[in-house]
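Build the full structure now, drawing on both the sequences and the hints.
As a plain string of letters, each chain reads:
There are 4 protein chains.
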Amino acid sequence: MDIGFVGLGRMGRPIARRLIEAGHDVVVFNRTPGRIDELVFAGARAADDVAAVCRGRSVVVTMLADDAALTDVALRPGGLRDSLSAGAIHVAMGTHGVAAMSRIDAAHREASQRFVAAPVLGRPEAAEAGQLGIVVAGPPDASEDCAPLFEAIGRRTFDAGTRPAGASAIKLANNFVLGCAIEAIGEAFALVRKHDVAANVMQDVLTDGLFGCVAYRTYARIIADEAYDHVGFSATLALKDATLVLAAGEAARVPLPGANTLRDRLLGAIAHGDGERDWAVIAREQARASGLG
Amino acid sequence: MDIGFVGLGRMGRPIARRLIEAGHDVVVFNRTPGRIDELVFAGARAADDVAAVCRGRSVVVTMLADDAALTDVALRPGGLRDSLSAGAIHVAMGTHGVAAMSRIDAAHREASQRFVAAPVLGRPEAAEAGQLGIVVAGPPDASEDCAPLFEAIGRRTFDAGTRPAGASAIKLANNFVLGCAIEAIGEAFALVRKHDVAANVMQDVLTDGLFGCVAYRTYARIIADEAYDHVGFSATLALKDATLVLAAGEAARVPLPGANTLRDRLLGAIAHGDGERDWAVIAREQARASGLG
Amino acid sequence: MDIGFVGLGRMGRPIARRLIEAGHDVVVFNRTPGRIDELVFAGARAADDVAAVCRGRSVVVTMLADDAALTDVALRPGGLRDSLSAGAIHVAMGTHGVAAMSRIDAAHREASQRFVAAPVLGRPEAAEAGQLGIVVAGPPDASEDCAPLFEAIGRRTFDAGTRPAGASAIKLANNFVLGCAIEAIGEAFALVRKHDVAANVMQDVLTDGLFGCVAYRTYARIIADEAYDHVGFSATLALKDATLVLAAGEAARVPLPGANTLRDRLLGAIAHGDGERDWAVIAREQARASGLG
Amino acid sequence: MDIGFVGLGRMGRPIARRLIEAGHDVVVFNRTPGRIDELVFAGARAADDVAAVCRGRSVVVTMLADDAALTDVALRPGGLRDSLSAGAIHVAMGTHGVAAMSRIDAAHREASQRFVAAPVLGRPEAAEAGQLGIVVAGPPDASEDCAPLFEAIGRRTFDAGTRPAGASAIKLANNFVLGCAIEAIGEAFALVRKHDVAANVMQDVLTDGLFGCVAYRTYARIIADEAYDHVGFSATLALKDATLVLAAGEAARVPLPGANTLRDRLLGAIAHGDGERDWAVIAREQARASGLG
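Chains as they are written, first to last, in this note's numbering: chain D, 1 to 293; chain X, 294 to 586; chain A, 587 to 879; chain U, 880 to 1172.
Treat each hint with caution, since some may be false.
[As the list claims (entries may be wrong)] Capping the alpha-carbon separation at 20 angstroms, the derived lysine to aspartate or glutamate pairs in EDC-like fashion look like this:
| # | chain 1 | residue 1 | chain 2 | residue 2 |
| --- | --- | --- | --- | --- |
| 1 | D | K194 | D | D159 |
| 2 | A | K826 | A | D652 |
| 3 | U | K1073 | A | D745 |
| 4 | A | K780 | U | D1038 |
| 5 | D | K240 | D | E276 |
| 6 | X | K487 | D | E226 |
| 7 | D | K194 | D | D204 |
| 8 | U | K1119 | U | D945 |
| 9 | A | K780 | A | D745 |
| 10 | U | K1119 | U | D1083 |
| 11 | D | K194 | X | D452 |
| 12 | A | K826 | A | D782 |
[What the hints assert, rightly or not] Not close to chain A: a few residues of chain D, all C-beta gaps over 10 angstroms, as computed:
| # | residue |
| --- | --- |
| 13 | V40 |
| 14 | D48 |
| 15 | D66 |
| 16 | A68 |
| 17 | S85 |
| 18 | R123 |
| 19 | D141 |
| 20 | A224 |
| 21 | S234 |
| 22 | T243 |
| 23 | D264 |
| 24 | L267 |
| 25 | H272 |
| 26 | G291 |
[To be verified] A few chain D residues that don't get close to chain A, going by computed Cβ distances all over 12 angstroms:
| # | residue |
| --- | --- |
| 27 | D2 |
| 28 | R10 |
| 29 | R31 |
| 30 | A52 |
| 31 | D72 |
| 32 | D82 |
| 33 | A111 |
| 34 | D208 |
| 35 | I222 |
| 36 | D229 |
| 37 | H230 |
| 38 | A271 |
| 39 | G273 |
| 40 | E276 |
To be clear, the hints were calculated from the coordinates, so they are not data collected in a lab. Predicted model only: the values in this text are computed from it and were never measured. Cβ atoms here follow ideal geometry from the backbone N, Cα and C, with glycine treated the same way.
See the structure below:
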């Protein structure tokens, strides 16, 4: 396929590389320069702006950090909406809020373009290995047209229906369930520590039995070791996601008490100076609220 | 070993049977009669009361449903405290509150007896197969003396230190972490459903990736299928555990916001008539609060 | 009336004195001695134990600190249940849990006695001035028989129906609403302080307008001045009440999210060493959670 | 003074009229036409657009419904920022979020204009009577210059410092404290009702004593009478304010657990179809969660 690609951050680069290596014709653009060389070396062409990325492309992928960046790339004058030809597809692979998705969806529809949400599950290493999970929502024909693209980068797709906001909801909810698990681990550890039991006993019990999966193995260890300075995902970024999931709840009239708790622990952690530590640091905030350390 | 055993319910019977089959000399007693025959047939002797169970025993195991039953068996006139000889061990394998454990521990110490908390992880089938996890806390010599007993029934022990209440805290926290996972699944499902995505898409996403473990596989399926009438653990019993974990938090001055949310959903579910359904029914309560169904 | 009176603490003494001064024939007893002299001087007779207080009395009032004390006085051998004559009335004026009230009510009924709950609203100064509010629940004839007693000590009675637990629920709920107001003030102050506005501006706004009443005037001032060492009601006692209101909610299947928040702030305050400060110190705990101070 | 006035809704009209009646020279503009006649009849001049309102004015007041309207009026091409002369003052009297205030403040500073936040406390009747409370924050000289304006419409000003966002925080926090009071009343009523006591007993107890102020008298009555169809402030509008107070908390890193509870009850009420009822309807949502009615 002929593919445009906007957003070459930690996730965007390995995804773009996979597309190139699978033989697709890829034009890339990044708003801040300097990350393009390796992809050009791998076979991509560099575009000077968003409009140039769109020229003659049937699909343009965005992998952007937040709603502001996506909205800017998509909707400003000369952006995707203005530059894509009728029938072309915008595939948004970042983690975005439902309101931004709905707004961009409406704009593309009005311009007779097609918009597909395809947020990905997995870390940069999974992207490099082509092992991402991809949650896809959009017009069925557009999703089908993107199948070769998804095959090149993912292990599996999940069909989240025809409304792009639905894929965002799934992705945000997945992160949120992880946050709840971290919060629960933090509460459990604080409880047993104040009953004079070492945290790693709780860690063993949890991960030996019901919770023998990546989420608990990873985060129970980080929390037991208080290894918050090795940052997979910072508290500040996690707050952004927590705010997005609460906004998704507000839009659909869904109270999410677990998300409130998560958000409050993140706010407390950031207020105490832990904003750039790994979001598992909410367990330290729980410890603080319990009079520990 | 010569073992007394009090409490022959769904968990107590298979555990007692394992002890008999391992060659231990077991005397059994149940407060409500009628469940003893199969164990007598397997080789146990039946006692007429708690005092008779204690006679000549170096270890007496209790596997009782709640704190009231345990306190009654241990502390009433003619109970374990009055009947065990000095140095004998009371092993409490039920799920109990930290206050009850501390009170019973003090009573046994005063009577020069030894008290070991050994709550178990696993369902009746695991008990039958000798595959329980056992969280052990008590005087180190007493825990060691019980090693043959634990070997007969468990797959693994976890050392939770010397204070029996610590083992209770671990066990309650483990259940609580599970409750938080169920609550999070319920919130996630309500969110995506109100964004027009079927619950089973969320189920697939969760259990395919980060959460590929028993807890999430089991409960995401129950909730997606709304299979609340197949009851593994009722909402009413779960409320008892939630109250115990909150009391453990109160005793140690640990706020547990996740436990508050769990307890409130359980109360709401019970208020709506779902008390005898599986505790995963809190997801229905979440749906209700979201205006679904 | 001929009245027995048990419990001569900070509230009990002024209430008993009002009864004596109103011309009632009063016999008093306190479990810890030494507080009786002033009442004997005022005209009361001193009894040696609960049984002696009950002798020949048609009404016995209890004003006790907690459920354990009340249950002990009422239900132990030789207590009120054993000593009151048939038809006599036990009036419980303390703040008690709904479960204790229901249990004591049942015991008195079984002994053909009458039980009236009459928790009071107001502080010791109001008791001295005969200006208490009294929430009354019990058998209508018993409540009527107590009218002269209530007239001597109170400004007003509130009819809370025929079930004693109902009066407890009202009293606990009243305290709880106050706790929620304190919590809200604490959150509001933390918010404006972190937006660089002094707390006393918020205090002025609140108490000038919608909230020009004792609750807000009193607590907004305490919190703005951080005057937590002048203790009207300690955080530790407030935790007891918060636990009772949550138990009342659990008994009736009522989730009380505001009570969860209140309880968690109290636990945090106590964990941080503020347990014996005024319960308004939960505002300091809120400040702490916000990274202030 | 020569005053421009934008926003002639339920609050804007009586405020503008007070200014005219106090002898100020007032030019008015409303984005939707038709509400201007009565003010012109009272002595105002009508402007055709925002730019015309600004012409020759030293002060322009805005009283707009939300952040979107304010941002549009202030920042779009031809808006206040573009049209006010250097040194002129924009006084924003609506209830706005802290982020919008900071953004508009920065824009006016850049244009050498002065920005004063002056959100008002009170309902339309208070505005008509010139009895509003006014929370003022901005450059001290600008606030002073506005004194005659504030005197014409208010009973009292509150000095919230020099940052406009601070006045917003005060106003939002005041509404939030009221929401918490309503929530607490709703929880208390649900609790006593499920203990078989009529809600109006609780109402009497609350408002007779600690809570004898407008907030509790008003809302306890609405809730006891379930008079939610007489709408002072709708649940949907209250949700907007709850979201703004949470955003103010997020901006300043302040967890607000009471605001979470309030927001969730509002969401639940709206999900159940009560969005256009008075926000006291959150008490009905609490009742629903308790299995009542």
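Now for the hints, and whether the structure bears them out:
1. Proposed proximity of K194/D and D159/D is contradicted: the alpha carbons are some 45 angstroms apart, above 20 angstroms.
2. Distance hint between K826/A and D652/A is fulfilled; the C-alpha atoms sit about 9 angstroms from each other, no more than 20 angstroms.
3. The suggested pairing of K1073/U with D745/A holds, with an alpha-carbon distance near 16 angstroms, which does not exceed 20 angstroms.
4. A C-alpha spacing of about 16 angstroms is found between K780/A and D1038/U, which places the hinted pair at or below 20 angstroms, so the restraint holds.
5. Taking the CA atoms of K240/D and E276/D, the gap is near 13 angstroms; set against the 20 angstroms cutoff, the hint holds.
6. Of the pairs offered as hints, the one joining K487/X and E226/D is violated, with about 37 angstroms between alpha carbons and a cut-off of 20 angstroms exceeded.
7. Between K194/D and D204/D the CA atoms are separated by roughly 18 angstroms; this keeps the pair inside 20 angstroms, and the hint holds.
8. Distance restraint check for K1119/U and D945/U: the Cα-Cα separation of roughly 9 angstroms lies within the 20 angstroms cut-off, and the hinted pair is therefore satisfied.
9. This hinted pair does not check out: K780/A and D745/A have alpha carbons roughly 45 angstroms apart, beyond 20 angstroms.
10. Of the pairs offered as hints, the one joining K1119/U and D1083/U is violated, with about 31 angstroms between alpha carbons and a cut-off of 20 angstroms exceeded.
11. As the CA atoms of K194/D and D452/X are separated by approximately 16 angstroms, the hinted pair is consistent with the 20 angstroms bound.
12. A C-alpha spacing of about 35 angstroms is found between K826/A and D782/A, which places the hinted pair above 20 angstroms, so the restraint is violated.
13. With a minimum CB-CB distance of about 46 angstroms to chain A, V40/D clears the 10 angstroms threshold, and the non-interface call stands.
14. At roughly 43 angstroms, the least C-beta separation between D48/D and chain A is larger than 10 angstroms, which holds for a residue marked as non-interface.
15. Listed as outside the interface, D66/D is consistent with that label: its C-beta sits roughly 24 angstroms from the nearest C-beta of chain A, beyond the 10 angstroms cut-off.
16. No beta-carbon of chain A is positioned within 10 angstroms of the beta-carbon of A68/D; the least distance is around 23 angstroms.
17. Residue placement check: S85/D keeps its beta carbon more than 10 angstroms from all beta carbons of chain A (closest about 48 angstroms).
18. For R123/D, the requirement that its beta carbon stay farther than 10 angstroms from each beta carbon of chain A is met, with the minimum near 30 angstroms.
19. With a least beta-carbon separation of about 46 angstroms from chain A, D141/D lies farther than 10 angstroms from that chain, consistent with its non-interface assignment.
20. The non-interface label for A224/D is consistent with chain A: the shortest C-beta to C-beta separation is roughly 21 angstroms, beyond 10 angstroms.
21. Its beta-carbon lying about 17 angstroms from the closest one in chain A, S234/D satisfies the requirement of being farther than 10 angstroms from that chain.
22. The claim that T243/D lies off the interface holds: its Cβ sits roughly 17 angstroms from the closest Cβ of chain A, which is beyond the 10 angstroms cut-off.
23. Some Cβ of chain A comes within 10 angstroms of the Cβ of D264/D; the nearest lies about 8 angstroms off, and the non-interface call is violated.
24. Chain A draws L267/D into its interface by the beta-carbon criterion, the shortest separation being 8 angstroms against a cut-off of 10 angstroms.
25. Interface exclusion of H272/D from chain A breaks down, the closest Cβ pair being 5 angstroms apart, not more than 10 angstroms.
26. Distance check on G291/D: its Cβ comes as close as 3 angstroms (rounded) to a Cβ of chain A, failing to clear the 10 angstroms threshold; non-interface status is violated.
27. The Cβ of D2/D sits about 51 angstroms from the closest Cβ of chain A, beyond the 12 angstroms cut-off, so the non-interface label holds.
28. Taking the minimum C-beta to C-beta distance to chain A, about 29 angstroms, the non-interface status of R10/D holds against the 12 angstroms cut.
29. Look at R31/D: its CB is around 33 angstroms from the nearest CB on chain A, clear of 12 angstroms, so calling it non-interface holds up.
30. The Cβ of A52/D lies farther than 12 angstroms from every Cβ of chain A, with a closest approach of about 44 angstroms, so its non-interface assignment holds.
31. Once the 12 angstroms rule is applied to beta carbons, D72/D is consistent with being away from chain A; the minimum gap is 29 angstroms.
32. No beta-carbon of chain A comes within 12 angstroms of the beta-carbon of D82/D; the shortest separation is about 40 angstroms.
33. Separation of A111/D from chain A is adequate, the least Cβ-Cβ distance of about 42 angstroms exceeding the 12 angstroms criterion.
34. The beta carbon of D208/D sits about 30 angstroms from the closest Cβ of chain A, which is more than 12 angstroms, so the claim that it is off the interface holds.
35. Look at I222/D: its CB is around 22 angstroms from the nearest CB on chain A, clear of 12 angstroms, so calling it non-interface holds up.
36. No Cβ of chain A approaches the Cβ of D229/D within 12 angstroms, the least distance being about 19 angstroms, so the stated non-interface status holds.
37. In this structure H230/D is separated from chain A by more than 12 angstroms, as the shortest Cβ-Cβ distance comes to about 24 angstroms.
38. Listed as outside the interface, A271/D is inconsistent with that label: its C-beta sits roughly 3 angstroms from the nearest C-beta of chain A, within the 12 angstroms cut-off.
39. Not every C-beta of chain A lies more than 12 angstroms from that of G273/D, the closest at about 8 angstroms, which undercuts listing it as non-interface.
40. Consistency note on E276/D: stated as away from chain A, and its beta-carbon is indeed over 12 angstroms from all of that chain's, at 15 angstroms minimum.
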